[in-house]
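Peer 1: If you follow the hints, you should be able to join the two separate chains into one complex; please do so.
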Amino acid sequence: MPVQGHRIDVVGLTKHFGETVALDNLTFSVRPGVVTGFLGPNGAGKTTTLRCLLGLVTPTSGTATIDARHYGDLDQPVKVVGSALEASDFHPGRTARAHLQVLTLGAGIDTARADEVLAQVGLSDAATRRVGGFSLGMRQRLALAQALLGDPPVLILDEPANGLDPAGIAWLRGFLRALAAEGRTILVSSHVLSEVKQTVDDVVVITRGRLVRQGGLAELDRGPTAVLVRTPTPELLRDALAGDRVETLPDGRLRVSGRTPEEIGHLAFTTGVELHELSPEASDLERVFLDLTADATPTGVDR
Amino acid sequence: MTGLVRSELRKISSTRLWWGLLIGAVLFTALQAGITAGFAGVDPGGGQPPSPPLDTDEAIRSVYVTSAFAGTYIFALILGITGMTGEYRYKTITPTFLVTPRRPRVVIAKMLAHLGFGFGYAVAGLVAAFVVGGIVISLRDFPLGYGADQLWSGAVLATLAVALWTLLGIGIGTLIRNQIAAIMVAVFVTFLVEPIATFALNSIDLDWVVKWLPTNASAALTSPGDAFLDYLDWWVGGLVLIGYAVVLGGLGLLLSVRRDVT
Chain A
0 MPVQGHRIDV VGLTKHFGET VALDNLTFSV RPGVVTGFLG PNGAGKTTTL
50 RCLLGLVTPT SGTATIDARH YGDLDQPVKV VGSALEASDF HPGRTARAHL
100 QVLTLGAGID TARADEVLAQ VGLSDAATRR VGGFSLGMRQ RLALAQALLG
150 DPPVLILDEP ANGLDPAGIA WLRGFLRALA AEGRTILVSS HVLSEVKQTV
200 DDVVVITRGR LVRQGGLAEL DRGPTAVLVR TPTPELLRDA LAGDRVETLP
250 DGRLRVSGRT PEEIGHLAFT TGVELHELSP EASDLERVFL DLTADATPTG
300 VDR
Chain B
0 MTGLVRSELR KISSTRLWWG LLIGAVLFTA LQAGITAGFA GVDPGGGQPP
50 SPPLDTDEAI RSVYVTSAFA GTYIFALILG ITGMTGEYRY KTITPTFLVT
100 PRRPRVVIAK MLAHLGFGFG YAVAGLVAAF VVGGIVISLR DFPLGYGADQ
150 LWSGAVLATL AVALWTLLGI GIGTLIRNQI AAIMVAVFVT FLVEPIATFA
200 LNSIDLDWVV KWLPTNASAA LTSPGDAFLD YLDWWVGGLV LIGYAVVLGG
250 LGLLLSVRRD VT
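Protein chains in written order, with numbering that gives the first Met the number 0: chain A, 0 to 302; chain B, 0 to 261.
In short, the hints are calculated from the structure, not lab data.
Per the computed footprint, the stretches of chain A lying under chain B, defined by three or more beta-carbons under 8 Å from a beta-carbon of chain B, are:
(1) 53-62
(2) 67-79
(3) 86-96
(4) 105-116
Here the structure is a predicted model, which means the values were calculated and not measured.
Even glycine gets a Cβ: it sits at the ideal position worked out from N, Cα and C.
Chain B with its partners taken away, still in its complex shape (with noise of 0.2 Å):
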């Protein structure tokens, strides 16, 4: 299995995706961190409450940690899927399964390297994080906040979260082998299908099924004590999203893997 990794980690550090990715991950992280740490506690106007304030430990963290998981996730997703699919759109899932013909063990092989990958993501997004909302933050005239509660560990947190959408990337391209599909289908159910799931099935009283959605499993750990949702425990929101990328790349191992590869 060791050489089964390696492989799929030179898969990876052998093409420039893996670059293109990371450079959109930092950017959008930045930007996130830049903006969230540019208008905290500044009142939007319109009879909103404004977001809390620069010198709340929530704001801290918001800056810092949640801004990193939200930049960062949907390019280790992206990363995970094409790991899978990139396989099929160019047809070296033939020479793979010719050096592997047990096709399980290359699906494990390539979660647990994207998982590496998704570990460098999330650092970057986090330095990208720390050090733009650290000079947005600076030039408001704050304190950098380090010492703020559970900042730490919700950057490890955080952490585990963005590489476990690797993970999550990989079940969905194991089981949607068509790249472009399996990326469209990704971003709408992320980006559409979930807030509105959210929200429609807050509003009939039924969020304790909205929890176990995967970007609110997610939030468990990015978002300590967020007051807006009722999130789970940070280890069961972790559990979630591992439980979300089993169940599909097991679908993917029943269902798509196992199909002839001509």
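Just chain A, with the same shape it has in the complex (with noise of 0.2 Å):
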């Protein structure tokens, strides 16, 4: 059955902790229906931004809003936003069934449910055990369990696959595309590109709180553009290359724009030019990424 969606609006979002700037005047848009990667390296203030957006944490200014509403004002928000932020939520002296038992009651859903979702994560068979037996896995997917349960059209998933094994995050990426091909907003945060790359329609970057990019995953992830190749002898490359975009980068190596690496390759055979090596560049969204990793010894609080 197909949901209908809702959009996410971040405007302006501002959170100072004490002397901390977690948030800086953060402002992007989250479309209904798709999957939305939340991306950028630990400490660039992502959590922040979804407690803002749930409601936990009060912006100093800004705001962050579903469908235009805040989520203190909606009715039933376990209904309209399933949210999972942390695998650490829970009591560890009390059975998964019953923590989800407790949400139930308060949102006024049907307790049976608590099984339903259950099932739906794969975690019946541990219903009646303590949660604090549970492994980081099994916990991730109770957190999951959690954000299903009012068969919310928004999901709000902080480092879903955190502490997933490769299995686990396979498993992760079918589940959130078949929510999403249902017509659910997806929006999951992560700080390693390549767990979402292949889960995520669109992507939003941040890094010290601030929006570093924002847009289609195929926009930004476009395949490579240039080809980076290092040589002993630049001057007799650039010769045989004569009439193409060649720059050469602050290590010496040289960047051609509009050429395969198998062209240049050729060339580089055929004019008798040593190659040292030949590779094409990473993709922009990746460079972005790898920036961002480099650069950040985190100033923000990722919380």
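Peer 2: Below you can see the structure in the form of structure tokens.
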């Protein structure tokens, strides 16, 4: 059954924790009915943004809304927005089923729903076990089950792939794609691009509480547009490549646009130029991400 | 609100803490009742006057009613404190506030749910006091004294008083998020500050202040006609306890609960 998704708008969101500026005039929006990856290095302010959106943290200024409404103003919030923030928000002495039943009672949802969502995330066998004995992967699944309780059109998941093994990540990918195919709006944060790359349609990249990139994954993650070449005789190669766009990078390598590695390799071979390296350049998104994580001595607090 | 209260009841019943506290309350009450009954009317020596003998109404009330309160209320208080602070300790406050973003409603639901458990604790305490106290009274060949003046009304009021201490616990936990700190402060105030304040204020003729302190306000419910201190009327004592819980909870809502949940 198709679900009517909702849009998420973050406008001028700013949050100070004492002296620390966790979010600095952050603005982005999330389209309904697609999976959006919310990316940034640890400490970029992802969790703080999500907590502002969910009414847990009061922003210093700016707004974060779901269909133009604040989370706290929703009549039955759990039936509109399902969220999984941290895989540690459980009482270790409570069973998985009891944890979910507590929430269904508070939200006015049939308690039988607890077992349904446990089955959905593959935790039926662990329903009567205390959460204290759960592995991190099981906690992630329980957090996801919690998010699904109200069968919400919007899902907000903070680092759901954290602590999952490769099989778990593959499972999560399929799970999120299936939920998105039903028309839900899904916002999923991660500090690892490769974790979400095969899952998301759109990306929002932030660092130090500021927006870096926003757009469709297809546009931002286009295939390589240039080739990087290292050679002891760059002048000879420049001559051979006459007419092509060639720039010299600070580290001495050449960046060649508009040619494939095969073409350049063949040219070098036929003109007798010695090559030490020949590699396609990373996509824009990957480069953005590498730069971010390289200079990321995080000043913000990841919470 | 019904759903929220049921949610809070399920929170309490789905972990083992309430069992542990209940066992503690029953054992402690049994001990209190046994000792009170065992030494009632016995000359303590050293020139101290003996407590009233077991054939007086006063002694019967202190065995059954005062023991039940004295042995149970601190456990009811701790149940209330952990009911609130446990949410912060285990970070379950995040899903709680996600389900119910209007945070004062959570605190009110907690107070109602814990009040229910508090009544249960009080009844368990009374049963323990009546059983163990009754056994010791019988062993000393005294009548069980079920006809003592104000015994049954006192039992009902003691039940109310114990239940109200869970509210006080929620109030303290609402104000002080840290579980250990909240319990330490509560126990410190109840067992050290209050008795010292009672003694000190009495000795400088400020005993009209003393009766408004929480433990003495409870005594207005549990010790009718005590000769030593001039207690409030029982219903004023009850209102005073509710007042403490409301003031602490209100301060907590203003100062603590509104803060960011990170």
